[in-house]
Amino acid sequence: MAYEDFNRAMPTLRDDACIDNWTAAENNQNFMLRHGGQEVSRADVKPGDILYYEQAGPNDSIEKGTTHHAAIVTAVMPGGEIK
Numbered sequence: 001m002a003y004e005d006f007n008r009a010m011p012t013l014r015d016d017a018c019i020d021n022w023t024a025a026e027n028n029q030n031f032m033l034r035h036g037g038q039e040v041s042r043a044d045v046k047p048g049d050i051l052y053y054e055q056a057g058p059n060d061s062i063e064k065g066t067t068h069h070a071a072i073v074t075a076v077m078p079g080g081e082i083k
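Counting with the numbering used here, you get residues 1 to 83 for the letters of the sequence shown.
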């Protein structure tokens, strides 16, 4: 997706999603998947990819399976560690 296309879509996303940090991350993930993004395996991650964190265990304020944070991959080390 072109940077300009993403920027044009962000005001709607921002208006709808910034109630909670995890809501914004989940809406961003959904936006990317609807506009040409795709999930890749850990073995295929590369710098520049966006990594989304989903709630895996119990938490009083975040439902299991909810995407709550996002990070941009800056490096993949030879041993597979993602930074």
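To be clear, the hints were calculated from the coordinates, so they are not data collected in a lab.
For every residue, glycine included, the Cβ atom is placed at its ideal position computed from N, Cα and C.
Some clues are possibly wrong.
In silico EDC-like pairs for lysine to aspartate or glutamate, Cα to Cα no more than 16 angstroms straight-line [unchecked claim]:
| # | residue 1 | residue 2 |
| --- | --- | --- |
| 1 | K83 | E26 |
| 2 | K83 | D60 |
| 3 | K64 | E26 |
| 4 | K64 | D49 |
| 5 | K64 | E39 |
DEER-style ranges, computed between Cβ atoms [as the list claims (entries may be wrong)]:
| # | residue 1 | residue 2 | range |
| --- | --- | --- | --- |
| 6 | N30 | M77 | 13 to 21 angstroms |
| 7 | G79 | N30 | 29 to 37 angstroms |
| 8 | L33 | E63 | 13 to 21 angstroms |
| 9 | V73 | N30 | 17 to 25 angstroms |
| 10 | P58 | P78 | 30 to 38 angstroms |
| 11 | P58 | G79 | 27 to 35 angstroms |
| 12 | G79 | H35 | 12 to 20 angstroms |
Each hint, compared with the structure:
Under the criterion of a C-alpha separation no larger than 16 angstroms, the hint pairing K83 with E26 is inconsistent with the structure, at around 21 angstroms. Note on K83 and D60: the hinted pairing is violated, with a Cα-Cα distance of about 28 angstroms set against a maximum of 16 angstroms. Between the alpha carbons of K64 and E26 the distance comes to roughly 13 angstroms, so the proposed pair stays at or under 16 angstroms and holds. Annotation: proposed proximity of K64 to D49 is violated, straight-line Cα distance about 23 angstroms (limit 16 angstroms).
A hinted pair counts as satisfied when its Cα atoms are at most 16 angstroms apart, and K64 with E39 does not qualify at roughly 19 angstroms. For N30 paired with M77, a C-beta distance near 29 angstroms fails the hint of 13 to 21 angstroms. Taken as a hint, the range 29 to 37 angstroms holds for the pair G79 and N30, whose Cβ atoms sit roughly 32 angstroms apart. Between L33 and E63 the beta carbons are some 19 angstroms apart, a value that agrees with the proposed interval 13 to 21 angstroms.
Between V73 and N30, the C-beta spacing of about 19 angstroms keeps the proposed range 17 to 25 angstroms intact. At roughly 35 angstroms, the beta carbons of P58 and P78 sit within the given window of 30 to 38 angstroms. Separated by about 31 angstroms at the C-beta atoms, P58 and G79 satisfy the suggested range of 27 to 35 angstroms. For the pair G79 and H35, the supplied restraint of 12 to 20 angstroms is violated, since their beta-carbon distance comes to about 33 angstroms.
The structure shown violates the earlier hints numbered 1, 2, 4, 5, 6 and 12.
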